[in-house]
Every structure is written in C-alpha cells, then in structure tokens.
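> Listed here are the chains, written in short residue letters.
2 protein chains.
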Amino acid sequence: MSGLNRVWVVSGATAAGVLAFFLWSAARPASAHAADKMIDKAAVKFTEDGKLKKPTGYRMWPFIGTPITPNDMNDGEAAFPEFHIVYMDPDSFAHYEKTGEYRDGTVLVKELTSVGSKEATSGKGYFMGEYIGLEVSMKDSKRFKDEPGNWAYFSFGHKYPLKESAPKAATASCNECHQQNAKKDYVFTQYYPVLRDAAPKK
Amino acid sequence: MSGLNRVWVVSGATAAGVLAFFLWSAARPASAHAADKMIDKAAVKFTEDGKLKKPTGYRMWPFIGTPITPNDMNDGEAAFPEFHIVYMDPDSFAHYEKTGEYRDGTVLVKELTSVGSKEATSGKGYFMGEYIGLEVSMKDSKRFKDEPGNWAYFSFGHKYPLKESAPKAATASCNECHQQNAKKDYVFTQYYPVLRDAAPKK
Numbered sequence: 001m002s003g004l005n006r007v008w009v010v011s012g013a014t015a016a017g018v019l020a021f022f023l024w025s026a027a028r029p030a031s032a033h034a035a036d037k038m039i040d041k042a043a044v045k046f047t048e049d050g051k052l053k054k055p056t057g058y059r060m061w062p063f064i065g066t067p068i069t070p071n072d073m074n075d076g077e078a079a080f081p082e083f084h085i086v087y088m089d090p091d092s093f094a095h096y097e098k099t100g101e102y103r104d105g106t107v108l109v110k111e112l113t114s115v116g117s118k119e120a121t122s123g124k125g126y127f128m129g130e131y132i133g134l135e136v137s138m139k140d141s142k143r144f145k146d147e148p149g150n151w152a153y154f155s156f157g158h159k160y161p162l163k164e165s166a167p168k169a170a171t172a173s174c175n176e177c178h179q180q181n182a183k184k185d186y187v188f189t190q191y192y193p194v195l196r197d198a199a200p201k202k
Numbered sequence: 001m002s003g004l005n006r007v008w009v010v011s012g013a014t015a016a017g018v019l020a021f022f023l024w025s026a027a028r029p030a031s032a033h034a035a036d037k038m039i040d041k042a043a044v045k046f047t048e049d050g051k052l053k054k055p056t057g058y059r060m061w062p063f064i065g066t067p068i069t070p071n072d073m074n075d076g077e078a079a080f081p082e083f084h085i086v087y088m089d090p091d092s093f094a095h096y097e098k099t100g101e102y103r104d105g106t107v108l109v110k111e112l113t114s115v116g117s118k119e120a121t122s123g124k125g126y127f128m129g130e131y132i133g134l135e136v137s138m139k140d141s142k143r144f145k146d147e148p149g150n151w152a153y154f155s156f157g158h159k160y161p162l163k164e165s166a167p168k169a170a171t172a173s174c175n176e177c178h179q180q181n182a183k184k185d186y187v188f189t190q191y192y193p194v195l196r197d198a199a200p201k202k
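Here the protein sequences line up with chains B and W, keeping their order. Residues in the first sequence are numbered from 1 upward in steps of one, following our numbering. Residues in the second sequence are numbered from 1 upward in steps of one, following our numbering.
It is possible that some hints are incorrect.
[Said to hold, decoys possible] Simulated DEER-style distance windows between Cβ atoms:
hint : chain 1 : residue 1 : chain 2 : residue 2 : range
1    : B       : E176      : W       : P200      : 51 to 57 Å
2    : B       : D197      : W       : T171      : 31 to 37 Å
3    : B       : D49       : W       : K159      : 48 to 54 Å
4    : B       : E176      : W       : E119      : 53 to 59 Å
5    : B       : E77       : W       : N181      : 40 to 46 Å
6    : B       : A172      : W       : D75       : 41 to 47 Å
7    : W       : D75       : B       : E48       : 56 to 62 Å
8    : W       : D75       : B       : K45       : 45 to 51 Å
[Claimed, not checked] Derived pair list, reagent style DSSO-like, types lysine-lysine, alpha-carbon separation capped at 27 Å:
hint : chain 1 : residue 1 : chain 2 : residue 2
9    : W       : K53       : B       : K118
10   : B       : K124      : W       : K51
11   : B       : K159      : W       : K124
To be clear, the hints were calculated from the coordinates, so they are not data collected in a lab. Note that the Cβ used here is the ideal one computed from N, Cα and C, for glycine as well.
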C-alpha cells in the first residue's frame, strides 16, 4: 500500500465518521431539535437573585390575542393601559397545540401600547399608538412551587423606559385574579382566539 | 493494495464528496436558505385562473398590529368588523427589518374577530370573540403590474365559512383608500407598532 493510499484510507475513515454525525444530526426528529433549543436557549432568563430579566425576541413568538382596556372606558386610567398584545413562547405553543395544556415552563408576554387614534378611514375605533408597558407570566413548578397553579407574574412597568429586571409580584396582586377569573389554568383563554382554535378538537 | 483497502479508498472518496456537500450546505448564509424557502414555499398560492387561495399557516407569521373598529362604534356595522389581527409573511418581515421597505412579494393577512365581551376583571374594553373574516393584501410587481403601487387586495369574506379562493378586488374598492391614507407604501404603518419599531433607525 503506498503512502498516498494510506492517507486516503485514514481520511476516508475520518470523513465517514464526520459524515455519520451529519446524517445522524439531519435525520433526528424535529422534536429532538426543539428539545435542544430548550436546553440551549430558555424562553426567559433570571438574575442570580431570582428576578426575571426583561425578555427579548418575544415579538416573533406566536401571537395569541389582543384585549383592549382603553383609558377612556376606565375613568381615565385603566389598570392595564391600553392594548394588551399577548404572545406565547414557541415551544410551549407547540405543546399547547398538541395537548391543549400549558406546560411547565410556559411563558406569556403581555406588551402594552397606548391608543394612538380613535378614527381612521376604516371607521371609528381604537388604533394602536406607542409601546408603553411590558408584563410576563410564567408557569414553573420548581421555581414557583408555592404559587397557586405554579404561575408567577412580573411587571416591567407601564411607562418607558422599562425596568431591566422585575421581581415576582405578590400572589394577591395578580395570581388571585387569574385564579378566580381565567378560563383555563390561570390563562384568560376565553379572550385568546388563537389559543382556542389551536387546541386539539375534542 | 488489497481488495479491502481498495474498497476503503472508493468509499472514502464517496464519503468525502457527500461530506463536502453537507459542509457546503451548512456553511451557506442564512439568506441563501431563505431564498430557497421562497422558491420552494411561496407565502401564498394562486389558482390557475389567478385567484388567491385561502392562505394557511399565517397565525405563526410575525404579528404586526391589531386595530379594532367595533360595530357598536360604527352604527351597528363596521366596514371591517371588528378586531383586525394583522400578520406579515416572515421573509418579507425579515426584509422590512433590514430595509424598512415592503419588498416585492410582501403578503399581509388581516384576520377579523368579533367582539366577544366588553367587560372583564381587567376593566371595561373590547375582548376578542370568534373568528369571522379574512382578508389579504399582496405587493407583486409582475402579477399586479397594473395596480397602483403593485398592491392587490383580496377578501375571503366577513363570515364563516370563508371562501376557498378570492379574486383580486377592484382597484377602487381597496387600493385607492390605501393609496390616499396609508402612511407608507399603501400599508397603514401608523397603526402597526411592531413595524414602526422593527424598521431600521435613521
């Protein structure tokens, strides 16, 4: 066997090994990739002292619904002014589509905008203005094991600039209302047509 | 050189070739992948006689804004009842993020929902009910070369069941209003905070 052939044999074996890795990687089911993504990249991050960091990238998450509580319908100051744009993290949305359940780790982001105008060529109504606030809810049975339903709530403020991190809100200030009034597992599913339609049909 | 070694040499060369393809494929820039996706999978499809097929999958597209024109603020019957959930196809959104422009091929989907209720624990307002309609606008300089701005408009109806395909609306019925009143290139960007914020800062 010549030296050249010997090199080919060795590089052939190496190439076959690397190729096998690529084939294995490409052939893995999509769910395995999603699981990797979960490990590599959590939907949200926490500070060392347990505060939630202001989330990023959520505007590309699945949108689930937009309630609006305008200031002018709430004595000039709504509790949550005014449009509430609500998103769910993609992996939890995929789980919801399969099961109709909010899995452990589900994150909902509620981004608030002002009312920018009340009349357009399409008619009278409410039209979005500027971003004014950001809130998050998260279900986590380890991190929030003492919260009812394991849901915790965070507010980054109702005016800009938003806070960079937020502590968990007191149970009485958010959780109790969600517990009593939300349609399903502390989420106001009744106002989110995307979720209602995405759940498996019974 | 033995027969076994000869096999290794041949399979090594084959493996190296296949590996080279995988490496090339993996190393290509994301934009090349996006371009492939465009060719393989258009955001929307047309019938042979030029009608737009009812789009699918758009609820996972980037959300850009939700105007609401409630029936009760429009003499009982809004022109577009009532919540307008608006999405943009992902590749065009990515282009918009880079350039602030609506590229050729941009598709916007406007999905309509009824008002489900007007009061919740979060306050008085408007809360989404059921899906009731679907409309689409698309900019295409080849397909709609005679339309102002190359934008065409399609309605799949304001009640369910929706139409399976829709012809381009007459220019006077949609395009003219968009042309006169929309903030930027026939799109009501002024009501879409996601778009305003996503555009490159000048």
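> Taking the numbered hints from earlier one at a time, note which ones the structure violates and give those numbers from smallest to largest.
Of the numbered hints given earlier, those the structure breaks are 1, 4, 5, 9, 10, listed in rising order.
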